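**Student:** Chain residues, written in single-letter form:
There are 2 protein chains.
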Amino acid sequence: MGDRDEQGESERWIIVTNDDGVYSPGLRLLYEAVKPLGRAVALAPETPKSSSGLGITLHKPLRITRMNLWGFEIHAINGTPSDIIHVAVNELVRSPSLVVSGVNIGDNTSLQVILSSGTVGAALQASLLGIPSIAFSADVEGPERLAEDRDYAERITLVARAIAKKVLEEGLPQGVDLLNVNFPSRLTSGTRVKIAPPARLRYMEYVEKREDPRGAPYYWLYGRPFPAERDTDVYVVHEEKNICITPIALNMSPRGSYPHEELAPLAWKAQNTLSNIP
Amino acid sequence: MGDRDEQGESERWIIVTNDDGVYSPGLRLLYEAVKPLGRAVALAPETPKSSSGLGITLHKPLRITRMNLWGFEIHAINGTPSDIIHVAVNELVRSPSLVVSGVNIGDNTSLQVILSSGTVGAALQASLLGIPSIAFSADVEGPERLAEDRDYAERITLVARAIAKKVLEEGLPQGVDLLNVNFPSRLTSGTRVKIAPPARLRYMEYVEKREDPRGAPYYWLYGRPFPAERDTDVYVVHEEKNICITPIALNMSPRGSYPHEELAPLAWKAQNTLSNIP
Numbered sequence: 097m098g099d100r101d102e103q104g105e106s107e108r109w110i111i112v113t114n115d116d117g118v119y120s121p122g123l124r125l126l127y128e129a130v131k132p133l134g135r136a137v138a139l140a141p142e143t144p145k146s147s148s149g150l151g152i153t154l155h156k157p158l159r160i161t162r163m164n165l166w167g168f169e170i171h172a173i174n175g176t177p178s179d180i181i182h183v184a185v186n187e188l189v190r191s192p193s194l195v196v197s198g199v200n201i202g203d204n205t206s207l208q209v210i211l212s213s214g215t216v217g218a219a220l221q222a223s224l225l226g227i228p229s230i231a232f233s234a235d236v237e238g239p240e241r242l243a244e245d246r247d248y249a250e251r252i253t254l255v256a257r258a259i260a261k262k263v264l265e266e267g268l269p270q271g272v273d274l275l276n277v278n279f280p281s282r283l284t285s286g287t288r289v290k291i292a293p294p295a296r297l298r299y300m301e302y303v304e305k306r307e308d309p310r311g312a313p314y315y316w317l318y319g320r321p322f323p324a325e326r327d328t329d330v331y332v333v334h335e336e337k338n339i340c341i342t343p344i345a346l347n348m349s350p351r352g353s354y355p356h357e358e359l360a361p362l363a364w365k366a367q368n369t370l371s372n373i374p
Numbered sequence: 097m098g099d100r101d102e103q104g105e106s107e108r109w110i111i112v113t114n115d116d117g118v119y120s121p122g123l124r125l126l127y128e129a130v131k132p133l134g135r136a137v138a139l140a141p142e143t144p145k146s147s148s149g150l151g152i153t154l155h156k157p158l159r160i161t162r163m164n165l166w167g168f169e170i171h172a173i174n175g176t177p178s179d180i181i182h183v184a185v186n187e188l189v190r191s192p193s194l195v196v197s198g199v200n201i202g203d204n205t206s207l208q209v210i211l212s213s214g215t216v217g218a219a220l221q222a223s224l225l226g227i228p229s230i231a232f233s234a235d236v237e238g239p240e241r242l243a244e245d246r247d248y249a250e251r252i253t254l255v256a257r258a259i260a261k262k263v264l265e266e267g268l269p270q271g272v273d274l275l276n277v278n279f280p281s282r283l284t285s286g287t288r289v290k291i292a293p294p295a296r297l298r299y300m301e302y303v304e305k306r307e308d309p310r311g312a313p314y315y316w317l318y319g320r321p322f323p324a325e326r327d328t329d330v331y332v333v334h335e336e337k338n339i340c341i342t343p344i345a346l347n348m349s350p351r352g353s354y355p356h357e358e359l360a361p362l363a364w365k366a367q368n369t370l371s372n373i374p
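If you're matching them up, the sequences are chains A and B in order.
Here the first sequence stands for residues 97 to 374, where the numbers follow my numbering.
Here the second sequence stands for residues 97 to 374, where the numbers follow my numbering.
Careful: at least some of the hints might be erroneous.
[To be verified] With a straight-line cut-off of 25 Å between C-alpha atoms, the simulated BS3-like cross-links for lysine-lysine are:
(1) B:K131 <-> A:K305
(2) B:K156 <-> A:K365
(3) B:K365 <-> B:K290
(4) B:K305 <-> B:K262
(5) A:K262 <-> A:K337
(6) B:K290 <-> A:K290
(7) B:K365 <-> A:K365
(8) A:K262 <-> A:K131
(9) B:K365 <-> A:K131
(10) B:K156 <-> A:K262
(11) A:K337 <-> B:K131
(12) A:K290 <-> A:K337
(13) A:K365 <-> B:K290
(14) A:K365 <-> B:K262
(15) B:K365 <-> B:K262
(16) A:K305 <-> A:K262
(17) B:K365 <-> A:K156
(18) B:K262 <-> B:K131
Simulated from the structure, these hints should not be mistaken for laboratory data.
Being a predicted model, the structure only gives us computed values, none of them experimental.
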């Protein structure tokens, strides 16, 4: 780096995590991306914890195993992505400046997917604790692309570093709690970087009924892509094949006045029911 | 019932589910609450699926087992609360008018808890599909209160029925995707029904380090209640001991103009990085 930020950078602690587990090439890639920006500490679940959302482990003890896989130390933890954020800020990095999560194998676009994603879950948990965070995901089928397609991996590394550097230097805009960044399946010098909100749905789920050899029914759940609305993260990543940066706010309240005037009669009805019980 | 809605009511299908599983007294209670309002269909996971959020099962087949526990049919499914919504709308109830989820053993207050809750997860999944939904939870320590404290259970039944009836008759207000209802640990005729937004945090998580008999360290994660901000769901349920109705919108975008002007320089920086790769 070598600019005037150099001294400040040595004080900045960055937590790097990945819900696909310690062996994910996405973890390595993201660690390399943020290493020049501060003191990076890598933590990940021992085993993949996709679709774990914000789950927390309360009923079994957690272990931390230190390993060295690619020339840097990784802390393997037998817990969920959210557990890892709590262990990190309690035991390893008291005041992190940033949490980066990913790069996930597979995109995390749409609220439907975001709300069940372990990658975004770790970032959301960090945001709840007031730590700026960024989730990164790539629309790839398997880990090979991140491990073996060097051009693709390098482009992700440089773009992720640019985004992380900007957030470290300037913070997130007022009212934004985290950034959810999705890379398309190919990156060229012509790929655009767009800002767009999340779509609501990514998949419509269907059920296929079958019979086992004994004649008993069983069911497969399978998703089919839901048509993407224009100017949403799904559209940017899957239709336009561009990079999408989606600002997320931890606020699920309806817009407008509060308490919601239109709900007042409902609350009154409930109140009335309760008050009239002898 | 016997009012002019009687004919209409016979056409209304209501999905009743519960993340604590088929044996939860909360499922029975909620079924009894909505039974007079339409055709109620009960579905639940075979085993408890708390903290499962919006996870979906794609890698193993699902089974539906019909059982009769308390005088009505319950469909037990070896999946998550979100799976159950998809199985229900694909196989059992084509166009439900309402999904009710709960009554959960333990409250689901604050975004931190809401985002990891299986009870709210089922309701959120229904909302994503455009079905009005209501999640109900009670601040009780164990299932006994719902099973054995008849006054408490009856009050919950009547209030839940009043809320569900109002939503069936009038729908949810524009911009509201689901209601998250939390009951305090005691209900009297003096208990108030309030409308309040979710707090951000319910627990601050800590880590306690211990050593096993062989001297190896392990860690317990444990939460301590986070001080409740006034006029939030946590405050209403835990400080005021009142019933809280929290309207939830499936919209996690920051308020204000879009694309977020303040993020434009960050996107530009990322774009510039990518464009300059040879």
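**Student:** Which numbered hints are broken by the structure, listed smallest first?
**Tutor:** 1, 2, 3, 4, 6, 7, 10, 11, 15, 16, 17
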